[in-house]
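Q: As a plain string of letters, each chain reads:
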Amino acid sequence: MSHEKRTLEFYVLAVFFALFVLFLYGPLSAILILSFQGENGGLTFPLNGVSLHWFANLFERQAVGDFGGSFKRSLVLGVMVMVVTVVVSLLAGLAFRRRFRGATALFYLAVASLVVPSIIISLGIGVVFQQIGFRPAWYTSAFGAHLTWTLPFGVLIMFAVFNRFSPAYEEAARDLGASSWQTFAHVVLPMIAPSLIGVGLFGFTLSYDEFARTLMTSGTFNTLPLEIYGMTTNVTTPVLYALGTVTTVFSFLVILLTLGAILYVGRRRARA
Amino acid sequence: MTVALDQPAATTVAKPARRRRFSLGAVAPYLQSAPLALILGAFLLLPIIMIVVVSFWDYDFAAMYPDFLTTNYSDVLGSWVTWKTYLNTIKFAVIVWALTLFIGFWVAYFLAFHIRTTAMQMVLFLVCTVPFLTSNIIRMISWIPVLGRNGLINSTLVHMGLVPKPIEWLLYSEFAVVLAMVHLYTLFMVTPIFNTLMRIDRSLFEAARDAGASGWQVLRNVVIPLAKPGMAIGTIFVVTLVMADFSTVQVMSGGQSASVALMMKNQMSLLQYPAAAANAVVLLVLVLLMVAGILRIVDIRKEL
Numbered sequence: 001m002s003h004e005k006r007t008l009e010f011y012v013l014a015v016f017f018a019l020f021v022l023f024l025y026g027p028l029s030a031i032l033i034l035s036f037q038g039e040n041g042g043l044t045f046p047l048n049g050v051s052l053h054w055f056a057n058l059f060e061r062q063a064v065g066d067f068g069g070s071f072k073r074s075l076v077l078g079v080m081v082m083v084v085t086v087v088v089s090l091l092a093g094l095a096f097r098r099r100f101r102g103a104t105a106l107f108y109l110a111v112a113s114l115v116v117p118s119i120i121i122s123l124g125i126g127v128v129f130q131q132i133g134f135r136p137a138w139y140t141s142a143f144g145a146h147l148t149w150t151l152p153f154g155v156l157i158m159f160a161v162f163n164r165f166s167p168a169y170e171e172a173a174r175d176l177g178a179s180s181w182q183t184f185a186h187v188v189l190p191m192i193a194p195s196l197i198g199v200g201l202f203g204f205t206l207s208y209d210e211f212a213r214t215l216m217t218s219g220t221f222n223t224l225p226l227e228i229y230g231m232t233t234n235v236t237t238p239v240l241y242a243l244g245t246v247t248t249v250f251s252f253l254v255i256l257l258t259l260g261a262i263l264y265v266g267r268r269r270a271r272a
Numbered sequence: 001m002t003v004a005l006d007q008p009a010a011t012t013v014a015k016p017a018r019r020r021r022f023s024l025g026a027v028a029p030y031l032q033s034a035p036l037a038l039i040l041g042a043f044l045l046l047p048i049i050m051i052v053v054v055s056f057w058d059y060d061f062a063a064m065y066p067d068f069l070t071t072n073y074s075d076v077l078g079s080w081v082t083w084k085t086y087l088n089t090i091k092f093a094v095i096v097w098a099l100t101l102f103i104g105f106w107v108a109y110f111l112a113f114h115i116r117t118t119a120m121q122m123v124l125f126l127v128c129t130v131p132f133l134t135s136n137i138i139r140m141i142s143w144i145p146v147l148g149r150n151g152l153i154n155s156t157l158v159h160m161g162l163v164p165k166p167i168e169w170l171l172y173s174e175f176a177v178v179l180a181m182v183h184l185y186t187l188f189m190v191t192p193i194f195n196t197l198m199r200i201d202r203s204l205f206e207a208a209r210d211a212g213a214s215g216w217q218v219l220r221n222v223v224i225p226l227a228k229p230g231m232a233i234g235t236i237f238v239v240t241l242v243m244a245d246f247s248t249v250q251v252m253s254g255g256q257s258a259s260v261a262l263m264m265k266n267q268m269s270l271l272q273y274p275a276a277a278a279n280a281v282v283l284l285v286l287v288l289l290m291v292a293g294i295l296r297i298v299d300i301r302k303e304l
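Top to bottom, those sequences are chains R and B.
Quick note on my numbering: the first sequence kicks off at 1 and runs consecutively.
Quick note on my numbering: the second sequence kicks off at 1 and runs consecutively.
Honestly, I wouldn't trust all of these hints.
Stated by the list, open to error - For lysine to any residue, the following SDA-like pairs were computed, each having C-alpha atoms within a straight-line distance of at most 20 Å:
id: 1; chain 1: B; residue 1: K165; chain 2: R; residue 2: P46
id: 2; chain 1: B; residue 1: K165; chain 2: R; residue 2: G177
id: 3; chain 1: B; residue 1: K228; chain 2: R; residue 2: A160
id: 4; chain 1: B; residue 1: K228; chain 2: B; residue 2: V218
id: 5; chain 1: B; residue 1: K91; chain 2: R; residue 2: V115
id: 6; chain 1: B; residue 1: K228; chain 2: B; residue 2: A98
id: 7; chain 1: R; residue 1: K72; chain 2: B; residue 2: L133
id: 8; chain 1: B; residue 1: K91; chain 2: B; residue 2: V218
id: 9; chain 1: B; residue 1: K91; chain 2: B; residue 2: L77
Treat the hints as calculated values from the structure; they're not laboratory data.
Let the hints inform the model, and build the full structure from the sequences given.
A: The structure is reproduced here in structure tokens:
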């Protein structure tokens, strides 16, 4: 309802929206500030001086379990999940453009993957690995567990993208003599590239932050969210906030880079 | 990956044989969907089947023994504690659902109808989305300096003389659990509702106004009915996330509240897998019934 003049409704809702944003970011900024707490400071305000003490503390092995190792594992796992999510979702998206037997069943299986409680998947994969006699590890069982969370998002996004994708472009390419592969590589792929980057971002960040599904499936070595989860019960210094600040800044960087990439791809296409 | 690359390449090679091309085209969707089917089969279907099987097994402190017992279920359904835990979880789901629906609808409504430029809409939508892409646990922890005994809210209230001593129930309480869940999950409501609101034909509003509808009537008889599919999808997300939650309940209630998933997690740490599996089956049936109920209202395939 776009009015010519701003109504009272607008101002009321604008305040509501501002409060919502404050609600989203307020607590996050509190730990951002508190991670610079002085050496003798505690878990709450006021700041007892300003220092980088807790960031330095982060890299000492005894303060936090194994920050470096768990960060590396989460990073590698995130990239693995991202690549597989993008490729498998794209393929499935292409498949769903045509009729095939079992399409509806597969679609609902993907939706089910979204609604089945994460702890059930964690437990189930843990028990399956135990019964087969495989050792659970972050790069096998946890990898699969993460895919059950990222793939449905990827598939639904690709499904929505192809629903709005006119086949006229492909017909035009084919009329001009392009082979199916050329049509895919030079027409379809560039057009859906921004969505694919979006799917990649989802795949990476959802895996990087996931821990309910990793709980029973990570094996001997922890991923970063599991490490942080463990810390919530036994760490009572601002080193927890320092860790929070580092991972949050990292997430923000990943998001910014991705948005930059989407904009760049979009610009290049607009110019071409 | 190889599937998509191989398939069109093969078609080009076999170009003269037109009939071959047709048959490959018919096989293509099966090859393209195979990776998804295999992954979901191995890491979703198989584990769930395994859970159902194991839920009938016998166990002791050391191992599980294949059997066909119903005691795991009678233990789950016969215990007062379990019933209370299920009711508590459903209570969280209902409260969080109502709050996220209210907040989510008005945020989406503001973005869709009061922001005039598409660029600004996208920017504000991203502002709402970004926290969702950061760690859930960190977002939970971030409430500690705000709600804690000496936290921002308490020290402000005490300083202003509004309360004589810090309020105890702000952190490590059911209030904190609900607050954190709303904080974590509202976006799941905003996105689908925003999506449906953006697709409403604006001329409908003019028509309604020309026909003499007041702002309130437009909202009740035009906007809300058309936004229902989005609300339904958001509801599915929020309800299933809350029903599956154990970390928010554990961290934010400080161990003073319980949820079904948290109960399962405790059973798992005691290696009582069959008991946890029986709980998992009951929880899964409950969640799927809820989703089926919501899906009766909306066909989500149409909404994508």
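Q: Are the hints correct? Go through all of them and say.
A: Verification of the supplied hints:
{"no.": "1", "hint": "K165(B) with P46(R)", "in the structure": "holds, 18 Å"}
{"no.": "2", "hint": "K165(B) with G177(R)", "in the structure": "violated, 79 Å"}
{"no.": "3", "hint": "K228(B) with A160(R)", "in the structure": "holds, 19 Å"}
{"no.": "4", "hint": "K228(B) with V218(B)", "in the structure": "holds, 15 Å"}
{"no.": "5", "hint": "K91(B) with V115(R)", "in the structure": "holds, 19 Å"}
{"no.": "6", "hint": "K228(B) with A98(B)", "in the structure": "holds, 14 Å"}
{"no.": "7", "hint": "K72(R) with L133(B)", "in the structure": "holds, 19 Å"}
{"no.": "8", "hint": "K91(B) with V218(B)", "in the structure": "violated, 32 Å"}
{"no.": "9", "hint": "K91(B) with L77(B)", "in the structure": "holds, 18 Å"}
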